[in-house]
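Work the whole structure out from these sequences, hints included.
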Amino acid sequence: MASRLLKLFTVAAFSVFSILYFTPVSAQPHEPQQSSAQEPGKKKAFDAQEIIFGHVLDGHDFHFFDITHDDGTKTPVGIPLPVILYSPQRGLNVFMSSKFHHGEHKHAGYRLLNAEYLEKLKEKGIDLKKEGLSAGKIIAVDENDNWDKAVKFYDISLTRNVVQMILALALLVWIMLSIAKRYKQGYGVKSAPTGMQNLLEPVITFVRDEVAKPNLGAKWEKYLPYLLTLFFFILINNIIGLIPGTANVTGNIAFTFVLGIISFIVILGSSKKHYWGHIFNPPGMPVWVKFILVPVEFVSVFVKPMALIIRLFANMVAGHIIIICLISLIFIFSAMSKGVGIASSPLAVAFTIFIYFIEILVAFLQAYIFAMLTAVFIGQAYEGEHHHEEAHAAH
Amino acid sequence: MVLLSDVANSNAGGAIGAGLAAMGAGIGVGQIGKGAVEAIARQPEALNDIRANMILTAALVEGAALFAIIVGLLAVL
Chain A
1 MASRLLKLFT
11 VAAFSVFSIL
21 YFTPVSAQPH
31 EPQQSSAQEP
41 GKKKAFDAQE
51 IIFGHVLDGH
61 DFHFFDITHD
71 DGTKTPVGIP
81 LPVILYSPQR
91 GLNVFMSSKF
101 HHGEHKHAGY
111 RLLNAEYLEK
121 LKEKGIDLKK
131 EGLSAGKIIA
141 VDENDNWDKA
151 VKFYDISLTR
161 NVVQMILALA
171 LLVWIMLSIA
181 KRYKQGYGVK
191 SAPTGMQNLL
201 EPVITFVRDE
211 VAKPNLGAKW
221 EKYLPYLLTL
231 FFFILINNII
241 GLIPGTANVT
251 GNIAFTFVLG
261 IISFIVILGS
271 SKKHYWGHIF
281 NPPGMPVWVK
291 FILVPVEFVS
301 VFVKPMALII
311 RLFANMVAGH
321 IIIICLISLI
331 FIFSAMSKGV
341 GIASSPLAVA
351 FTIFIYFIEI
361 LVAFLQAYIF
371 AMLTAVFIGQ
381 AYEGEHHHEE
391 AHAAH
Chain B
1 MVLLSDVANS
11 NAGGAIGAGL
21 AAMGAGIGVG
31 QIGKGAVEAI
41 ARQPEALNDI
51 RANMILTAAL
61 VEGAALFAII
71 VGLLAVL
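Just so you know, the protein sequences line up as chains A and B, in that order. The C-terminal residue of the first sequence carries number 395 in our numbering, and the numbering is unbroken. The C-terminal residue of the second sequence carries number 77 in our numbering, and the numbering is unbroken.
Heads up, a few of these hints could be off.
[Said to hold, decoys possible] Label pairs and their calculated CB-CB ranges: (1) N93(A) to R51(B): 27 to 33 Å; (2) K130(A) to R51(B): 22 to 28 Å; (3) G277(A) to A12(B): 44 to 50 Å; (4) P44(B) to E50(A): 48 to 54 Å; (5) A12(B) to F351(A): 40 to 46 Å; (6) P44(B) to T194(A): 34 to 40 Å; (7) E38(B) to F364(A): 22 to 28 Å; (8) N146(A) to A12(B): 34 to 40 Å; (9) F364(A) to I40(B): 46 to 52 Å; (10) W288(A) to L60(B): 52 to 58 Å; (11) A12(B) to Y86(A): 41 to 47 Å; (12) I55(B) to E50(A): 34 to 40 Å.
If you are wondering where the hints come from, they were derived from the structure by calculation, not from laboratory data. A virtual CB, placed ideally from N, CA and C, is assigned to each residue, including glycine.
Structure, rendered in structure tokens:
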């Protein structure tokens, strides 16, 4: 019954979509006259790229939506965040990002770049790509609102990624400490676990039994705290990042880079002589093979954490971009004609919900994979030749 | 170099590269899924081991594809 209903619904949606898609062809000649009657430049075309990167990249505020007034002006709704700038010439400046009015005003000799100001810079003949200027960046300006390149400054603002990461960290520490307190009181040790323990104990035992024990052999207890921290920190950031309106913390290369570097240090710190022996002097190889193998093995030492960094970053960015792309499709179609927009929106929303659920899976999967691969690499670094025997013995 | 710096060409290159990467990853993940399902059909009791290895290998394949997609994205931007 349900599948029959679904089929009917799909057919109906597709028919409405195709009818509305093809009817505007006859209505097309009217549209250019309408748009030319409007004031030029009043209503800007929908720029999907700007929207997508505005959501995915870091920023100086939490931006939720714009309220468009009758006269075409927009009031953005969001939470401003503190901007902290230090310049050797001008000293320390701390103020809220709302002082910039989303790039419309300058404040204390600084300006937040927006699309209009970037256009102005472009007209002056400044190569935006070469100078590394893009929307959302802060530049120093002089009295006449011109870009003052001579002023060097450091932007150490609490951007939305930083704020959200700190909040996630606080939440994680609070959850974990409250659970640890329960275990110390004896709940879950002598009796059945209660409350939040029920939620997290299976996950913790999963990381212990599926990630740490099979890959690390006898030394699993030493590395389990690091693996659990890694797992839960990535997981909580992934999940908070999926709530609409929040920042995309794990989809930031700086965040994943730091995690990867920490893993790299742990891997190198636990490596034994045997591991380096396999890299610089692979046993049982003819000499000419060693000339090929040693550089490859040496590069692979650095490629491993690099792959961890890029994997997490790319997965999260790709997921967020897909979700925003699907939502943007509605607006791209509505720009063609209102009917197509209305017809395509149920499809786009259905796809978005589908991808959203996949993203929830990916949030768990990426946390698992990061912890898992770190455990595998640590295991490779210190186990050496007895790895397989010990791994089997541990089962 | 003139050809490479052309915006339209680099956009097309990025798009084609991302498409090829998706194709390669699709084939790779499909092979992994095929192998895993066949293995589970033969040995249902080894389900957990097979699943863990399947996810790990799929992640490695996907990682390679995502490298290509990032490079494609850099070409477009």
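Each hint tested on the structure:
| no. | hint | in the structure |
| --- | --- | --- |
| 1 | N93(A) to R51(B): 27 to 33 Å | violated, 54 Å |
| 2 | K130(A) to R51(B): 22 to 28 Å | violated, 49 Å |
| 3 | G277(A) to A12(B): 44 to 50 Å | holds, 48 Å |
| 4 | P44(B) to E50(A): 48 to 54 Å | holds, 51 Å |
| 5 | A12(B) to F351(A): 40 to 46 Å | violated, 25 Å |
| 6 | P44(B) to T194(A): 34 to 40 Å | holds, 35 Å |
| 7 | E38(B) to F364(A): 22 to 28 Å | holds, 26 Å |
| 8 | N146(A) to A12(B): 34 to 40 Å | holds, 37 Å |
| 9 | F364(A) to I40(B): 46 to 52 Å | violated, 21 Å |
| 10 | W288(A) to L60(B): 52 to 58 Å | violated, 29 Å |
| 11 | A12(B) to Y86(A): 41 to 47 Å | holds, 43 Å |
| 12 | I55(B) to E50(A): 34 to 40 Å | holds, 36 Å |
This entry does not satisfy hints 1, 2, 5, 9, 10, going by the numbered hints stated previously.
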